[in-house]
Structures are given as C-alpha cells and as structure tokens.
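Enquirer: Here is how the chains run, residue by residue.
Number of protein chains: 8
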Amino acid sequence: MHGGGYSDLGFARLDVDRAARTGDPEVVYGAGKTVEQGVALVAALRAAHPDRPALVTRAAAELVTALQDAYGDEAHVDEEARAVAVGPLPAGRGTVCVVSAGTSDGPVAAEAAFTARVVGAGVERVSDVGVAGIHRVLSVRDVLDAADCLVVVAGMDGALPSAVGGLTGVPLVAVPTSVGYGASFGGVAALLTMLNSCAPGVVVTNIDNGFGAGLFAARVARRAAPR
Amino acid sequence: MHGGGYSDLGFARLDVDRAARTGDPEVVYGAGKTVEQGVALVAALRAAHPDRPALVTRAAAELVTALQDAYGDEAHVDEEARAVAVGPLPAGRGTVCVVSAGTSDGPVAAEAAFTARVVGAGVERVSDVGVAGIHRVLSVRDVLDAADCLVVVAGMDGALPSAVGGLTGVPLVAVPTSVGYGASFGGVAALLTMLNSCAPGVVVTNIDNGFGAGLFAARVARRAAPR
Amino acid sequence: MHGGGYSDLGFARLDVDRAARTGDPEVVYGAGKTVEQGVALVAALRAAHPDRPALVTRAAAELVTALQDAYGDEAHVDEEARAVAVGPLPAGRGTVCVVSAGTSDGPVAAEAAFTARVVGAGVERVSDVGVAGIHRVLSVRDVLDAADCLVVVAGMDGALPSAVGGLTGVPLVAVPTSVGYGASFGGVAALLTMLNSCAPGVVVTNIDNGFGAGLFAARVARRAAPR
Amino acid sequence: MHGGGYSDLGFARLDVDRAARTGDPEVVYGAGKTVEQGVALVAALRAAHPDRPALVTRAAAELVTALQDAYGDEAHVDEEARAVAVGPLPAGRGTVCVVSAGTSDGPVAAEAAFTARVVGAGVERVSDVGVAGIHRVLSVRDVLDAADCLVVVAGMDGALPSAVGGLTGVPLVAVPTSVGYGASFGGVAALLTMLNSCAPGVVVTNIDNGFGAGLFAARVARRAAPR
Amino acid sequence: MHGGGYSDLGFARLDVDRAARTGDPEVVYGAGKTVEQGVALVAALRAAHPDRPALVTRAAAELVTALQDAYGDEAHVDEEARAVAVGPLPAGRGTVCVVSAGTSDGPVAAEAAFTARVVGAGVERVSDVGVAGIHRVLSVRDVLDAADCLVVVAGMDGALPSAVGGLTGVPLVAVPTSVGYGASFGGVAALLTMLNSCAPGVVVTNIDNGFGAGLFAARVARRAAPR
Amino acid sequence: MHGGGYSDLGFARLDVDRAARTGDPEVVYGAGKTVEQGVALVAALRAAHPDRPALVTRAAAELVTALQDAYGDEAHVDEEARAVAVGPLPAGRGTVCVVSAGTSDGPVAAEAAFTARVVGAGVERVSDVGVAGIHRVLSVRDVLDAADCLVVVAGMDGALPSAVGGLTGVPLVAVPTSVGYGASFGGVAALLTMLNSCAPGVVVTNIDNGFGAGLFAARVARRAAPR
Amino acid sequence: MHGGGYSDLGFARLDVDRAARTGDPEVVYGAGKTVEQGVALVAALRAAHPDRPALVTRAAAELVTALQDAYGDEAHVDEEARAVAVGPLPAGRGTVCVVSAGTSDGPVAAEAAFTARVVGAGVERVSDVGVAGIHRVLSVRDVLDAADCLVVVAGMDGALPSAVGGLTGVPLVAVPTSVGYGASFGGVAALLTMLNSCAPGVVVTNIDNGFGAGLFAARVARRAAPR
Amino acid sequence: MHGGGYSDLGFARLDVDRAARTGDPEVVYGAGKTVEQGVALVAALRAAHPDRPALVTRAAAELVTALQDAYGDEAHVDEEARAVAVGPLPAGRGTVCVVSAGTSDGPVAAEAAFTARVVGAGVERVSDVGVAGIHRVLSVRDVLDAADCLVVVAGMDGALPSAVGGLTGVPLVAVPTSVGYGASFGGVAALLTMLNSCAPGVVVTNIDNGFGAGLFAARVARRAAPR
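Chains as they are written, first to last, in our numbering: chain A, 8 to 234; chain B, 8 to 234; chain C, 8 to 234; chain D, 8 to 234; chain E, 8 to 234; chain F, 8 to 234; chain G, 8 to 234; chain H, 8 to 234.
Read the hints as simulated data drawn from the structure, not as lab findings. You may find that some hints are simply not true.
Said to hold, decoys possible - Derived list of chain G stretches under chain F, where covered just means 3 residues or more per stretch with a C-beta under 8 angstroms from a C-beta of chain F:
# : region
1 : 191-198
2 : 220-230
Said to hold, decoys possible - Computed Cβ-Cβ distance ranges for the label pairs, DEER-style:
# : chain 1 : residue 1 : chain 2 : residue 2 : range
3 : D       : E87       : F       : V42       : 17 to 23 angstroms
4 : H       : G30       : F       : V150      : 36 to 42 angstroms
5 : C       : T41       : A       : E69       : 50 to 56 angstroms
6 : B       : A68       : D       : G30       : 27 to 33 angstroms
7 : E       : P57       : A       : A68       : 55 to 61 angstroms
8 : G       : D80       : F       : V150      : 42 to 48 angstroms
9 : H       : A38       : A       : E69       : 23 to 29 angstroms
Just so you know, even glycine gets a beta-carbon here, dropped at the ideal spot from N, CA and C.
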C-alpha cells in the first residue's frame, strides 16, 4: 500500500514524503533491525526516490553485506562509521569539517562525516586533536576557518568544542561520545561540558549522534553555498 | 592596560580580540555583576569596537537604566529579554525565526531573537504555538520554511522541536526552558526530550540559553544570505 | 494448600482472590521464572478460575511452547508481545486504541493491546505514527476519537502523547519505552516528557509497562460500554 | 483578533478551539501570571464559551480576589486548592473519589477534586488514610468500590496507591506530592514508588499535578455514566 | 604471618580480631573471589575461631561445592541464599522474622534469614505477602508481633515495610531489592520508598543487602533474649 | 468525632490507636503546620492518652511557646532539637548512645536523643568525634560498648558510622545529615556512604531523620532491658 | 576543659592536636556559625597555638568585623575570599599558582590563594584566562611552569584544567565552581569534566572548595622547596 | 609523517611532544584498542623517546603477550595492574605510598603503584587496611608519615581517605573504585564520600583511575626529593 504520504510495509509505515518536506531522504536506523527489515526498507526508499540515496546507519556487518550483494557499486560503505548509502550521491555543496578528539571517537566522527557527504555537503576530517595537546588544535586553525559548519566530536571531558569554539566564528555542532569510564557515565560528562561551553554559540546533539550532527551540518553548509 | 589581545580592567581580563577571531563582539553576561562592573565592561567594549554593538544579557533593571542614562538612543533595550545592546546595530542578513511554545517561554525566546538581531540577522517571531494544539504549528508552516535557521523554544515536555522538525528541513536549534514543575526538574525533562528528538537534525543548547541559540542561528543565517 | 484467599504453591503464595476484589484475573509476570514455575502458576490459576483466562507476560519462548503443549487451542499466543493467555477470552466491551510511534515500540504496544483484549476490551492498533511526521497522526484522528481509552506508546523523545492529547478528549494513557540511546537513559527521557506533557489529562505508566497500560485502559473501556 | 481556532491577546494566543476537540474548556495555569493576565485570559474564555466554566489553578490570593470582584457569584472558589472556576458548573456525571494520605497532601487532593467537579464529574473525598494505618484504608473500602475512577494522592513513600490498588478494580490514578524531606527529593521518591506499584493498573501523573489527575478522572467517570 | 589483630594471607589481611570487638565472626563476601581465595579465607577463619562458624555469602556454585568437599557436614548450605556456613552453629537466641513481598525477593530474604541464624538468632520466614494483597499481611500479624526484630524485604515499589511498620512496634529493618524494571532503577525506587516510609522507626540497608539486615537483626534479637 | 481507631479533627484524621498497635504514642511533625493545628493535635493526643507524652518535632518557635503557655511544666522542651514533649515522660529503659561527627550535626543528634528519651529509653550523647580525628572516637570506646543501641549522626562524607561500626558489635543506626556543600547534595553523599558502609550491620535512616533513628533505637534498647 | 588531644568548648570538641599530626593548624569553617561561636573558636585556637595563625573561611561580614575588632593588625583579611587569618603568617615556601577562568570564579580562587599563603606557601594568581580564549592561557605558560603546584579554578564547562594540564607537568589541582546555570547543576558539570580530564594527572576537589585545594597545594609546594 | 609536535600513524596523531612539555612520556590507554594498534603505538613512542619507558595501561592479555614477545626483558609487566612498561625504568625519586582498603581494590592500587614507579618515583604499598578495622590503619602510621605523597584507594563507602587524612599531613590523593553493589552505583558513592571528606586537603581522581593518581603522586614525590 502506498499513499497519503507514507508507504505501509506491514512492519513499518515508511514516511516517503519526508524528502518533499525537508529536502533530505528518509534514513534507516539499523540498530535492532533484522537484515530482512533493513533490506526491505532500503528497497522501498529506493523505489520512492530513485534520484536520492537511502542512508543506513549503525548497520550490522550482515546488513552491510546484504546491501552490497543487492546493490553492488550503488552501495557506498563506510566501515568505520558502520554506514551504507545506496544510490547516487548528490554533489557536495559547501564544506563540513569534522574534528575529533581521540582515536576512540573515530566511529562517531566517521558517521557524522559520511552522513554529511550523503546528504549533500563536501566534507573535511581532522582527527586526534584533543584539548590536552592544544598545539594540535592550533595547527589546523586555517582548516577550521575555511569550513561552513564544524562538527566537533569528543568523549571523556568533552572540552574540545570549547577550545575550538574560542578560535573561530564558524557555526559549531558539538557531539559528545560515550568514550570514557567511571564518572564519564557513558558520555553524560561530555554532554554536560558541551551544554555549558564557555565558548558562545556551541550547540549539542545526543551522545554518539554522529548522524544528527552530520545532517544538521550539511543543511547549514548547503545553504551557505547556494548553487 | 591593553594589549596581547585583551584589556585588563582589574576585575576582568576582557577578550577584545574575539571579534577578529569570530566575527561577533564580546558579550557581557549580566547575572551576578554589579552595575559598576556592567557599565565598565560596556565602556571597554565600546572603546575597543566603536563600529559594533556591545550586548548585555540578563541585565538587572538598574543596569538597564544605567546604560540608558549613559548611552541614550545608542542603548537598544528589550524588556522581555532583559537585554541591552549599546551601539549601532548591523544590517540584518538572512532570517532567524524564533518559535516558542507557551507564554512563560517568552523571555528566553525574546533573548534569542534580540541576540540574533544584534549579531546581524533579520528576525521573525512566532509565539504560543505549543504541540498540544498542533493546528497552531501547522498554520505557520510557510513562515518556518522561509527562514534560514529556526530557534524553537519550549519548556515542560519540550516536544515542540520534534513536531516542527518533522515539518521542515530548515536547520533547527532547540532551546529547553526551565518552565515547568515537579518532574520537569528545572528544564531537564525538556532538555532530554530535545536531545532525543525523533526528528533528525535537531541540535540543542543549555537550558534557558536563548543567547547561545540566537548567536548560533544568526551565524547560520548570515552565511545563508551573503552580502 | 488453599484457603484464606491465597493458594500456597511452595515457591509462591498465589493471590487467587484478586479476581473477586478487582474483576481481573491474577497475572503471571514471566521474566525470571522457570518454565516449571510458569506452568505451575498457570495451572493453579486455571483451577481457581476455570471461567477466566490466565495471562502470562514476558514469557520466554520455552514457556510459550510448554503452555501451547499443555493447553493446545486454549493457549492464545501473541508473539510480538511475548504473551500467552490460557482459557476462554471474555467478550470485548468498549474499545481500547493502542497508538505507537516507531517500529521498535511494537512489542510494548502489542503487550498493551493483548492485555486489554484478554482483560475484556475490544482493541484497535495504530502503528508507526511518530510525531516527526505529524500528518500520520492527523490522518487517524477519527480512529482516536472513536475509542473509549487511548494507550500511546513511544520511546526516544516520547513526544507523541502530547500531540495526540491535544487532538482529542479521550482518556489517554502514555507508555514510555526503553527505545533510544545515549541521553534517553533507557526510557527515562520519554518518561519525563510524558509526565510533563503540555496536553492536559495525560497519565503515565512505568517504562515498557504495556501490561499495566492495557489493563488500566480495558477497565476504563469496559465501564464506558456497560453490558 | 479571533479566528483560525485561536484568539490573539497580544501576550498569548489562546486556544479557544480546545473545547470542540476535547470536550473540556481551556484552563489557565495561574502560576507566574500577573493578575491582569489572569483576568484577561478568563474574560476571553468566558466570551468564547459562555456555557462552560473557565478554570484557574494555582491562583495567587490577589487573582482570586480580582475574579471574585469581577464575577461575583459566578466565581466558584476552592481555597485549599487555590483554584477558581468562573461560570456555570456542569451537572456531575459519574463519581470521582479522591483519596489522600496525609494532612499536607490536602491542597493537591483539593485541586484534583475541584478540577473533576468543574470538568463535570461528581466528587467524593477521603482524607488522611495513610498506608501506615492500614485500617483507615480498609474502613472506606465500600466508598472506593462505588467510584468510577479513583485519584490517590500521597507524598513521602507514596505507598498508598499500591495498597488501595490491591483492594479494588476501579481505575486508579496516582498523584505523587512534593511532601517530604531529605531523600524524598521533592516528590521523586513518591513518583518512583507509584510508577513501580506492585498493584496492577496504576497510572501516574506529574508531582503535585492534582489538576491533570482530576481532569483525567472526570473524563473516565463521565464516560462510565452516560447521560 | 599472624599477629597485631590480623592474619596476612598474601592476597588479604584478614581481620581475625573482629570477633573480639563485635561478638560476630568475620564474613567472606564471595562475589568476585576465586574458589581458591574463598577456601583459603574460610580455612584461616576456622583456624582463628574453631568455636564459631565462618560465613560465606554470594558464593558461586563451585565455591559451595569446594567447601562441602572440604568440610562435609560442617558445611551448612542455603541454596536459595547462595550462602555457606562452616563450623558449629550457635544456639538461636530471640527471634528474627523475615518477611518478603514477592517470589523474586526470595534470595535476598533467604540471605537475611540464613545470616541471622548463623550469627545466633532464631529465625521465622513469611513469604509472598506483598502490599497489593494486604489481607495476606494482616493474616500474619500475630507472627510479626511475636518477633524481636523484623526484616522486611521488597523490590518494585518497596511499599511493604510501610504497611508492616504501621501494624506493629517491633524494630523493623527494611531491605530494598533490585527486583523490578524501568523506573525501578535496579532497586533505587524501593530504597527511596523505604527511606521515606511514613511508618515511624523504619531503618534501611543497601539494595539486596540481606546479609547486613540479618546480622543487624540478630544482634537486636540476641539482646532482647538474654541467656 | 471519635471512633473506629481514629479521631476526626476536620483537618486531620488522627490515628489515636497507634499506641495500642506499636507501644509508642502518635507524633506530630511540626513542619508546615500552623500553631493552631499543632496545639489542636497535641490536645487530641493528650485527651486520648493521658498517661503518655505527645511528641512534637520540628516545631517553630511560636508553637514551642504556645505549648509552654498551654501546658507549663508538663511541656518538656529541647531547644537544640526544636522538639517538645507534653505529658509525663516514661522511665528510661536501656541505653541509647547518640554519637555525632561535627558541631553542625548537633540538631539532628539532639532530635534523636530527645525522641529516644521521650519514647522511653535512657540516653547518652557523645558529640564532635569526627572520623578525621579518629583518636576522639577511640577515646569513647567504652561508652559505645556499654550502650544497647547506637545512633551515629554525620554529614559531609558520612564516614563516622563505618569507623564506629568497626569498633563494636552494638546495633548501630546511621543518620546522614544535610550538612555539607557542593557534591554533598544536601546529604545524599553521606546517605550513600552509610548505605555502603564496609562495617557490617549498619542500618540507615532518611537524611536528617533524627526522630526515626531515636524511635527505632529506643525500641531496641527497651527490649534489651526488660522491666 | 583541655586534654586528650582536644579542647571542649561546650558547643564543640576542638581538635587542637591536628597541628602535631598534620603540620597545619585547625581551620574554622565559618558558614552556619554565629559570631560568638566563631570568635570563641579562634580564641581557643590562638591559645593552643600562639605561633601559628588560625584560619576562618566563609566568614560572614559580622564575623570579619568582630575578628578585626578583637585582633587588630593580627587579623589578616581577604575580602574577595571572605576569609580571615589571625596570628603571624609563616614564611612562604615554594610557589602555588592559582589560575581561574572567569570573573565569577574569583572568590573561590581567592580562597585557594589565601589558604595556601596562610598555610605557608608563596602564591601567584592568574585570573580570567578561560579556555574559550586559549591565547590568554598560552601567554602565561612561563608562569605555570615556574610553579610547584597549580590550582586551576573554573565553573560552567570546567574545561580549563584540561587545557592547562596539557601544557605543563606541574602537579595540578582542579577546583570546579558552582558558576553557571541550567545544566551546570550547581557545579556538577564542571566537576565531571575535571574528573574525566583527558590531560593525565589532574586531581579534583569538591565544588567551590578553594580551601581544600589551597591547603593541598601548599603541602605540595612546601615539600618541593625544603628549608 | 612526523613533525609539528606529533606523529601521524594513520589511525592516531601521537603527541610525541608531551614529554618535553610535561616531563612524562605519552601513555597508551589499552582499553578498546586492538593488539596491532597497541603494538604500533608503543613502537612509535619507543622510537620518539628511546630513553624513556612507554606505558600501556588496561592492556588485554593478548597485548601483554605481544609486547613481551616484541620487547623481551625490556617489557616490564604488572599482572595485577594489567599494565606494561616498555623501556628503561627511571631511578625512583621520593616515595609514593599506595594504601588500599579491600582485596577487590587491589588492581586499581596496583595500577597506581606501577604507574608511579614507571614515571620515576619510589613506591610502597599497604593493602587491606579498611576503615572498619581502624587498628589496621593505625598500625601503619609511620609508613604513612614517611611518604612524600599518599594514594588511598577504596570502594564501597570510600571512607578510608578520611581516616588516613586525619592522621597525617602528607599530600593525599584519594581514588574511588567501582567495587560495591546496589547503592554504590559503580563507585559513585565512594567518589562522593571522598569529594566531601571531612579531612582537609584530600583531592580525588575519577573512579578506578589508578593511573592518574599514580602519575600525579609521582610528580609530587619527585619534586619533594630533588636530585
């Protein structure tokens, strides 16, 4: 069944109308879905929007393989991000720069970068520039200033966005990660740090939400670089 | 004393260099400051940047009066926001639309709107459109779509950004307010709602941080509408 | 041993008198019980109340099979809900409508619906109508208005009951689920959203408590539709 | 201005259409509103719905007096509840029974009872029957069973709804109050107790939310006693 | 090495002097200890105090078997409590009555009862008398009044101690258990309920701490029944 | 009205039967009560139990004066505890020893001591023996060992009960106080310390609950010293 | 009375022996003490240790005045810190450098600096060098490296210790302050940031505990600079 | 690539400059790293600093083996601490004394001790001296006083640092461990106890952070014992 702005797959009522409303395709959140469900959702999205990619995040290895088998070269895979995009990628407009603090923050940063790219922005990554070695941040200041939107990813103390936010006026989205132990409380410490950032104009996403940050940043970057 | 990128007032080491780094003027957070401190900080900022306004937020009534006495027409006051801008306002580039849920959320929404204006964006406000009367949200859909960045302000259940975020692809900054009682925990309930928004691409500020949201949104809007 | 209003099974003192007090049968909460315990409890309840079904919730697959083996057609199974009712189902009086936000909220919604049915109400389900696609909610408004009691199930931001509660005056029971990650804190974010709902007259159950919501809603529906 | 389902008072966009959607009038939450705002909101509601009462909760003494001055006998005041209803009260259909644990829980219980009455249900109150003197609860069992919906109000340990819920099958709404000290955390202890009630079918409102419980219970009671 | 009030086992400095100070033997908390460590600790305690039992709590099945192999009839095992006492049990002085709410609270109640017995009190158990079936509590009132100290064990809403504490003036130790789900937060809800009990004179232990409650209660009971 | 085990004062349903059930008189919790309510409650209790004292805790200065005016020498006042007992004090049986850590913990310790005395135990106080000066604790070891029950009161780190509990086998009730700042969270830090005490057999009351600890300890002490 | 290592003032058992044990004088925590108590405690400490200063922290203005009246030039006052030291200050050994982030963190930083000085260290202060203007931190790097121990004071995001800790190997004590709003939770956000600092070797004190940090740092500095 | 103060390994941008800034080598946090990553990081550190050891903490057994295979006698392993140091250990200057409360706290204490040794301090360990057997603490008072810095490790109630801190003026770093259950909340109870220590001058690390405490203590000890 299909109509009224959604497609009824039996186990899900897919919102195929979102693209018209938001300019972005529907996304499949892979966690907790079976391979069959994941494949069926992608197929429905591909049918509804042949001209846009369907994005799958937090995809299990089996789902990644199934999508590669089904779509071949049409399936773009980012292993670090555990994400797949099926279909033609749009041209990249504007630049999103994804900055991450430690090695362990890599997968969340990768998810943000991959999402931004799939949603239609150009992407730059700067990794492993934690605030405890502030010279590493300072050495990439030009890259930061050249971006249209920054995504800054950090776990543990979550202090990196405050340092970066003090260096530049580029819009900055902070992403706390669940990296840490003890009183990091699965990313809550980093989340609170970022919400209380003493650098003005820092905004924050949920813990480990690289997807949300990448999508938001791409929307900002696309607007900053009109066709 | 003045140099090395900051001005030493004795009780504060004012960062007069921030404008060069970020494109925005330094801001004086009025809460907990004496009238004398507030006036001195504004004077120093005016001296350092005659071409930009100095913004004072959370200003006590006495500080507002003192600034009006000292600067006359140069002092732009927003009573609902309890904010003052001293100096020439920049032209407004792009449009920030500030949407708020209930009457009590007004002061935070006003702070966001006033900040965005002072920082250099055009501003639109839509008030009292809570999610419990969803037709009020739907009736302003055109206004939402026309903005370059949305600021959505809500207390209590904090559900409004999820509804608005499902209607449009405009970048959306959600601001939880401390409006509520009991298990609202001073805005924590609304904060968590927004961090977990099922609408993709919603980013969040600290509770009651209208200033941060307005500054961020203006940065996005200015980039979307280049000179 | 049996008397004084309870039946002593050795490992449990079963309250067989509850039916007289409340009009509903005792329920076996399957989590953490062995197959043997589950089967023995059902047998005791069947013996005490041959005219009513015995309900088992959160039943492991092995317990479901054992009950099907023991009772054949008398065992009514809901796989999505992981629940079994053994014995004759009562006629359904009144209508409970169970509304759920996302695919992952399905099992909790199914538990609510199955419980309501077993306890003696008619049941309607509306699935996958999250607040981020508000047109999906609006399109079922007639179904909502026709019910005697609503059960609205949502995880993540838990915003759906606020939107539904603004559309109708039917009594509404909100059920937060543990669906989400990061700052959803296993359903706490959705729970707080619902407790602070800006729609008046929303009441709430524990996280993932589909059983409690279904039982409560059936009591309301039965009263609204007297024999 | 008036139209499109709301009335624009300048400081508020009043939802005068809610009555049509929900069968209940709009309510004015008095906390944090000036006397002028409160009086203006009531006037607008009276104008829109001459046949229904307008309810004001958490009204400051000055607002109560102002409404009595303005409306005379039309203003129905409940001092314990700090609530006022202006306009003709509907006939009471069905019975809501409000049970409270301790003397200090009285104002919340009164708000629930007054709201239920104004919204159109008959009301019964049973006070000071805490669980630590269980014979007091048992002695009113007949009253409990005769109601169409129970509202059970308790602070501190919040244990009363569990005891009452084990005695009867009448739908039960539990209201935690902020009465207590130390580890009661302003009502959180009672809230958690009620959410985890071992009596099946207990639903819960926000802390101190007598209004929400009364409205919900009246909706249930009215349905149970059709005209 | 042995002296100065402790025995040095290399991996532990065993406090063999505690018996002299407190009148109770040292206890081995089995969780997280290897079978070898458990056996060595018991051996050291047996050597230091041949006239008293050594108590092991939260013992893994392997440790239980190893102690039975090593000590034969001298090893007293309680399977439900997962506890072992090695050596001669003292005569039981006074009576500790352990009351528990639900089947799942059994292991914690068993640990309390076994500990009280090993430490030198007589013990009575009353199981499965939750507050939601208050008649079950009332029917054992004589047993409660006859005890020298009560231990009341409950998970979920933790309401049982309030009901029991209102019926009797016997000293009452409440033990919250981690039984529950969602907003029970691993026993925190029950803990808070008990700390806020409206029945005067209720004292509380850590979550699942049957051992501490049993030891404390036995100390009270022994004093109440002098030799 | 009087009967059925309670006395109805209009604003309260006084449980005059508690003495028969528990052996202790009803207590009036003074906080939040008017002077008139406090005086009326005491009068009702005096009338119901002329042979026992009525205890008022957390009494405002005005209520203390009113009770002294009304009852003269019959009113026993403890200023540090802000408590009053009206009527003949029972003979003291057994000994409760109240130990407190810092000067600021004094009022809570005084409430515990006064309650224990009014309820019928002999009382000893040891003040200002914090764990950071452990020699002060050691110097009173004889006093500790001579008691029938200990009440140990401490704020901040709440470490005193662990040290005392390691020195003696006397039953020990720990009372956390709200003394502290920052991460003491109004007594939560001390409460958690006590719940996790490494000294076995420590039981705990709510924060600042000197009354509950004193009542419990007196019950234990009275049993240990039978008439 | 005086002996056994403490002096009994009636309302306090003063630990006059601490100096011998720790090398530091006893300190009077002024909050919540009357002027009379404060003066009496200082007099007792002066009598016990004529050669050392007595330190009073969080002193109300009246207590400061009373001590100045009583001791004249012997009373050293720090108004920003609200602290007084009475008696001869020791020579300063080694250097403690107190670094603070914002103007509002001043009082806590002042308390740390004053304490360190009174306890016997030399002190340096660097103020208003928040992490959002990282060049201000970098410009004082020489001062940081020259110290024997650093105290770094910050509220809001608490990020400054991570940045400073990455620049130098000098022992660093981080002090979170309660400066902030919303999700700063009275200093909890800054506390968590510091506990999770990605700079190795950062240790932390309680929120606003300038005294503890200053005392600790002085102990470190004195050892680093032996006589 | 190597330069600008860091070495780029592809998956990590190693801060090889830290030694120059802080006097300590970079450390590899082994948790969550593959054996290959761990070995590569150690190799890079060895290459950059042949004269200093590279420290690996929280190393899985496979990584330990791989480092032993690769470096033979150069690899110093502490099994209890699960840590490896590769390269020549520096001479030990000054003394760090690591005190731990219970057997289960051993691994964290071992990590602190091993780190302090690798970083260049002499180390002493005192184990199993919990506060509940205070004579065990008192018997090692000389050892405590002889140290240049103390590290005190405790789980459960976390009370040991308060007792130790009252006995000596040696700088004291408290380390909470995650040892405990129920309301210990994975070490939070111990953390709060330590932050609120009534012994002045106690500083605290994150839960289980033996590494941070050892590094900090070694820095203090080295300064106290200059070459």
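Enquirer: Looking back at the numbered hints, which does the structure fail to meet, lowest number first?
Expert: Going through the list in order, the structure violates hints 2, 4, 5, 6 and respects the others.
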